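Below are the chains, spelled out letter by letter.
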Amino acid sequence: MKKTFIRVISVAAMLLLSLTAFAQKHMVSGKVIDASNGDPVIGAGVLISSGGGVVTDYDGNYTLEAADDDVLTFSSIGFESVTMKVDGRRVIDVSMQPDSQLLEEVVVLGYTTQKKAELSSSVVTMDGEKLRDVATQDVGNMLQGKVAGVVVMNSSGQPGANADIRIRGTGSITAGAGPLYVVDGVAGGSFNPNDIETITVLKDASATALYGAAASGGVIVVTTKGGNADKTMVEFKASGGIKKALTGRFHAMTTPEMYDFESQMFSPVVFKDKYPEYLLDYDFDWVNNCFKLGNVQNYFASVAGKSGKVNYYVSMDHYNEKGTLINTNYKRNAARINLSAPITDRLNMSLRINYQKSYDQGTSSWRTLEYAYYAMPWDIPYYLDEEGNPTSEYVYITNDKTPRPDNGLKWYTQNPSNILHSEQYNYAKGHGESLTGDFQLVWNPTDWLTITSINRYDSSTSYYETYVDPRTFDGSGTNGELDNSNGEWNGWGTTNLVKYHKTFGQHDINAIAGWEYGEGYSRSMGVTGINFPAGQRSISNTQVNSGTGSDYHSRTWAVLGQAQYSYQGKYVATASIRYDESYKFGPYNRGGWFPGVSAAWIISKENFMQNQDKITFLKLRGGYGKTGNDSIPAFRYQDTFSLSAKYNDAAAAVLQRQANFNLGWEEAYMASLGVDATIRDNWNITIDLYNTINSRILLEAPQAPSSGFFAKFDNVGKVQNRGVEFAADGAIMRRSDFEWTVGLNVGFNKNRILELPDGQDMVMSKSEVSQILRVGEDVYSWYMPKWAGVRTVYDEDFDEFSGIPQWEKVNEDGTITYVDKYNQATFQIVGSASPWFSGGLNSGLRYKNFTLSMTGSFVVGNKIYNKTREAMDADGAYTNLNQMSHKNGLGWVRWTGPEFSSVGDDDHEYEMEDGSIMYWLETSSATHPQPVSGRSDGVNKASSRYLEDGSFFRLRNVTLSYNIPANILSKARMSGARVYVAADNVLTLSRFSGMDPEVGLDADTYHHAGLYSSNYPVPMSVVIGFDVNF
Amino acid sequence: MKKILAISFAALLLASCNMDFYPSDAMTSSQLADNPASAVYTTDGIYSLFKDFLAYKGESEDYPNGRNQYLRHYFQLTELRGDNVTVSGTTSDPFVRAYDYQEVPTEENIYYTWWLAYKVVYGANSNIDAIAPGSDDHLLAENYFLRAFGHFHLVTLFAMPYVYWKDHPEALGVVEHRGMDTYSETPVRKTVGEIYDGIVLDLKEAIKFFEADARSEKPSTRTDRGYASLTAAKALLARVYLYMEMNQECLDICDELLANAPTAVTDTYDYEKFPTATYDSNETIWCIRASVTDKFFTTHPTSSISSMYYDDKDLKRWDGGTGWGEHYWADELIDLFQRYPEDKRFAAYFLQPAPTNDGKVLVSFPIKTKATNPHCSSGIVHGCTVNADGSVDFKYKNKNYTATPTLDAGGYTHYEVNTAGFVSGADGSSVQKRVYVRPDGSVRQNAGDYVIYFNTKFAGQDGKSNLTSPAMLRWGEVVLNRAEANAKLGNEGPALNDVNTIRRRAGLPADAMFDATHMHGYTSVMDVVLDERRMEFCFEGHRYFDVYRNRRDMDRRFVGFHEFGIIKWTDPRIALLIPLDEINTSHIPQNDR
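In the order they appear, the protein sequences are chains R and P. Per my numbering, residue 1 is the first one in the first sequence, and the count goes up by one each step. Per my numbering, residue 1 is the first one in the second sequence, and the count goes up by one each step.
Worth flagging that the hints you see were computed from the coordinates, not collected in a lab.
Mimicking DSBU-like on lysine-lysine, the simulated pairs with C-alpha atoms at most 35 Å apart in a straight line are:
hint, chain 1, residue 1, chain 2, residue 2
1, R, Lys570, R, Lys502
2, P, Lys57, R, Lys809
3, P, Lys568, R, Lys809
4, P, Lys190, P, Lys488
5, R, Lys225, R, Lys115
6, P, Lys568, P, Lys488
7, R, Lys718, P, Lys57
8, R, Lys272, P, Lys397
9, P, Lys295, R, Lys410
10, P, Lys166, R, Lys809
11, R, Lys116, R, Lys225
12, R, Lys272, P, Lys316
13, R, Lys614, R, Lys750
14, P, Lys166, P, Lys208
15, R, Lys646, R, Lys712
16, P, Lys295, R, Lys712
17, R, Lys821, P, Lys568
18, P, Lys395, R, Lys272
19, P, Lys316, R, Lys410
20, R, Lys309, R, Lys31
21, R, Lys766, P, Lys295
22, P, Lys360, P, Lys433
23, P, Lys360, P, Lys273
24, P, Lys397, R, Lys410
25, R, Lys309, R, Lys115
26, R, Lys848, R, Lys614
27, R, Lys646, P, Lys295
Bear in mind the structure is a predicted one, so any value in this text is a computation, not a measurement.
Please put together the full structure from these sequences, using the hints given.
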């Protein structure tokens, strides 16, 4: 399909060539074939050096007249040009090598395929191979730092976790703001990254409008590989390596540090009693014992070829990752079959089936991760032997009132339990299967008309089980707890398109019209059982405690159309429209219209550009479009009662939410303007400007709790995202045995709220941390008291100085005073979680058969709220949680005493030990107040104190690879082989005090975007591998 | 081409599909309305709010630590701010800041209590709107009662006491929602007086409909103590009148109620059994019915208020359920009961785990808060021996002291240190004369040292140490409400009679009874009534209100982890801060700090 399309376009291009014949020449004919598969190259241009030329016909044949000393240049899009001297020959057959660089010039946009040169919207496309440098199973992760304007954050190092993606900023707040995946022409579906042939990111609405629903976060189009070659191609890839958690600047205190810290809070007598000296004998590194070396392996095999008329591609993949945090892992087996075959000359069918099964395991409790961070260093999880050395058996701690069973000593960590003891029995794991099957028909009733029908069946099941052993602390209350839940989803959809393409002289017209329809069913069931003998893993042997179940049905449908007009290949205009209905909205608001227009001017094709060779390609493009977002949970417009409650053992109904029948589409309007240029055939530069306005934002808008409800889904307000994107790549040096290519992309985005109902602020609070929506401010504005550092005070009663915390209080007249009680401080905006700019860098160095490639990504200007510090940098609010070491290079200084000046007023006069008079200062240069045991002044409540610069640069990947030379390969009957060693996340530059500055952009129930709370950090990994092609 | 497009667009637009879908695991209000029992379901749904976990802003029951239970927050926000309870040091649980009058308006105990009380109010409004008078008057009355109950909790927790409002008519109460139409209005804080007036009106409506139901052809069968009743409505109205100092009105209702009370009310009853089966006791007027199969209990038994007061792990009095066991009897309260150790109210609920059996005692005493340290701390000296004369020698900070038994005006014993210089700070006023001598025993070490004194007043239903159906209204309160009303009306004899009724059934000896000539050192009948209320209702959420609404100050100079001092009855901190989520959405004024 794709190749055919290339050829059609090529024919059109070649028609532009003037055809002239000269005398005294003889006829030369021949056939031009594709070296990779032997197919004829249709519409290849054959230029004669003395002037004139022809194009090859549908069989790849050409005939022309040429003189003996003429040179023929064969060229076609997608192939490297070939030059041949006639030298008296009458037949010149040419085999053209596909040009990998030029292959990119055709872009799969999902419903359509288009020449890159004539694209009128902002689209970035990438070969699948360019993605697969990083050792991960998640395609979002692979995209990090590779596309300008696309921010990717790996919020968790949990194996199998997906990265958060934002294309051109965040316009949606409650509704999903991530991109829509379109796999092989249809939204949704599953795929394995190793099967990706190309990936295309549609950034602006003139391209995404055609996807209407849920496209407001951009669209990522994935095309999987197909079989095309006469020659059977076999590929085998294997890689394996180790992973290590990145703990950054974070260090929990060691025993000596913690002991010293605790001693500052108590008088020596009390301290000795509370923290006896024997504690100094123990120093257990919880972080290092909860985070260990992980590993990753990936094996992939594929066969692509052609048997008779059937093109096939078959692949199998096995991915296995053991996480760095104990008891976390992920495993996936995947298989794909892509087949295509002609039914008649004009009717082609294809079948694409992807199956995968994954297994994943996380820690048995969220407390495991917290414990890894903050367990006390003198709490040893193991039984101690007679000499006091740890054995390998875990100690079972029930509470802090009963002594350790092994040595009769106390367990210090707050809310005592030994999480490692629990983790040896407890688990939380699941597995899931998914099957996606596409059946596609392509019918060309005439040369200018194509009718396609893509029909997809999608099915997935998931199973999840958590087991809490009665022998563990977590299971002691209920004598064990077993949760089993399963879910299933199945759906089908059909996408039917009529495509029209015709060329009239210099006019080229493309149009499509189509409709889509789909239905989905989901069912789930979960049961919790308690009270069972240790080791039982069957619900039937438990006391069933509660159950859940649901059965939902959904339906979608849409119609769409697009028309494109191009004149002389220089001027391109596209218009599209789509109508969608969503069942998630109230009866009168289900429909949404999504139009888009764009235009491009390929300036480099103008005559006035022909007399220079500096700018070899130059295009100006612009577009405007509208997309929609309905990615909110279903049934939110209805008022629903839950009947899961009981009172006095009878069913009771509790109202979950109020109805909002006005709920409707969120709409995003995007205008964009871009320039693509190629300079000296080497440097590709793209600059984009955009302005997006999301209006009627689907927001879970806070409601006054005095209504009995805290939030209501509603369409409120407007958000604007404006930005500039810049991307450049090219070769600094290109020699036959040495090549150095570099690339840079960067996207600046400015986010601003334009409108809110009645202009009223909305405070979004989660887990006692707030962000605010305020007109004129960023959507991710942190809203909390402003920390005003440490103040020194003098207590005459006790003749003592103290270093106390203070916050800003903004008075009604706007003046600022300082208060030392948290609940008297004023909430205000203190920064934003949105980055100012972000991007990536890459470099590829090739010397002979060695290649050294590097990619890096950076984010600048965002503020992260480090919630971990509420517990671990708490100045004594928790005396039995380990604290963060101040030796993190960030200049943290604890208040130890007043600072003095030689001048001052009487109130601050102080007689020093040597009898001299000095004046003590109220201000202190310390960053941390004097610790006070068990303080409740709110020192550790959310304030700007824990808000940190989230900027970082990360060297995402360094790969050194060696391509085995052809002469060796041919002996082994191989067509290609590569061995490599790759290292991920080898270097991070950041001033963040937590483990990892990569913090999620997707808000969830407990987390705002940009909130860090005992996160599972991403790992550094070193992987070796090889790829072999036969 | 255009034709094709036009036709296909038109065809598909006309062929509009059915896009109405409903969840299978919930019912919409219209679906529910088709069910004749819907008002029963939705009314029971309101009661369930008091005990179940509800996800505020999507927070699941497992986060944070499954502790968002209304009853637990309610009992903590009341008792921990009084003088009956001391807590065992710091924790990540926000009750610690409420205990210290340092509550933060973003914390769960504040926002959950506020939100859920209003959820009760909303549910009641919705039902009152839906139930036609005459169709099911008992249900209608229950909903009027619940609406009053919700507003009463709100105004007592989040506003200054009614008596404060009497002197400060501008003092703000809470948001009032009486009627569905109020939800479209911008929320405002009405005055404390207006809120109380609404509560009285609602309770009168409740009484009216309960009485109408009783007279109807088919009176309701909802007679279980887990549901509101005519008696409950009247008992609550009596309490409200008492808070409003409408003493005669309170007296009249109490007289009426007690005239028809079950005989057992004045008799002794099984104090130990009472918390294990409140719903089955004649003492109970209305309780929040918890069930052993309730999910809050099966999944997070430690969320219950019982768990906060008691840990059965090592004691195995019931099922050995783990409790946090972080709230203990304050020393002053123990001393009050120690006057008559046979007091069943003490013997039944007081438990000191693992007291030493070698006769050793400990001496404990509070230490004054430093200006720069928000908490007082405590001194504990273990392993002391009682001298032959009953005094106890102990050594603290390298100095020797003697704790001497001293008799107060009523002839009751307490311990004092007479040594000059037993000071905890440079400030002379912080001299602690009074110390507490107790059997030595288990001590909890957290940020400070606390002797563990468990309280089983909420434990033991269905053999589960963490399960209870707390009585929200009981006959003992009616008796002491009448006592207080009489005391204030100058009817001292009847007041003391009611006090004696309570004392008698608690098993106190005849010489413990009061009369005008035998006041045990007390000089005021009100003091007698208040101390009796303190003992009778300890941990049940009355003390905090009983002190302040009688224009008395809260003396918090006891061993604990709070700010050492006296809180004046006019202190603005008596009104809890309103949750920030409310301030940010409805822009009502916040309470002063």
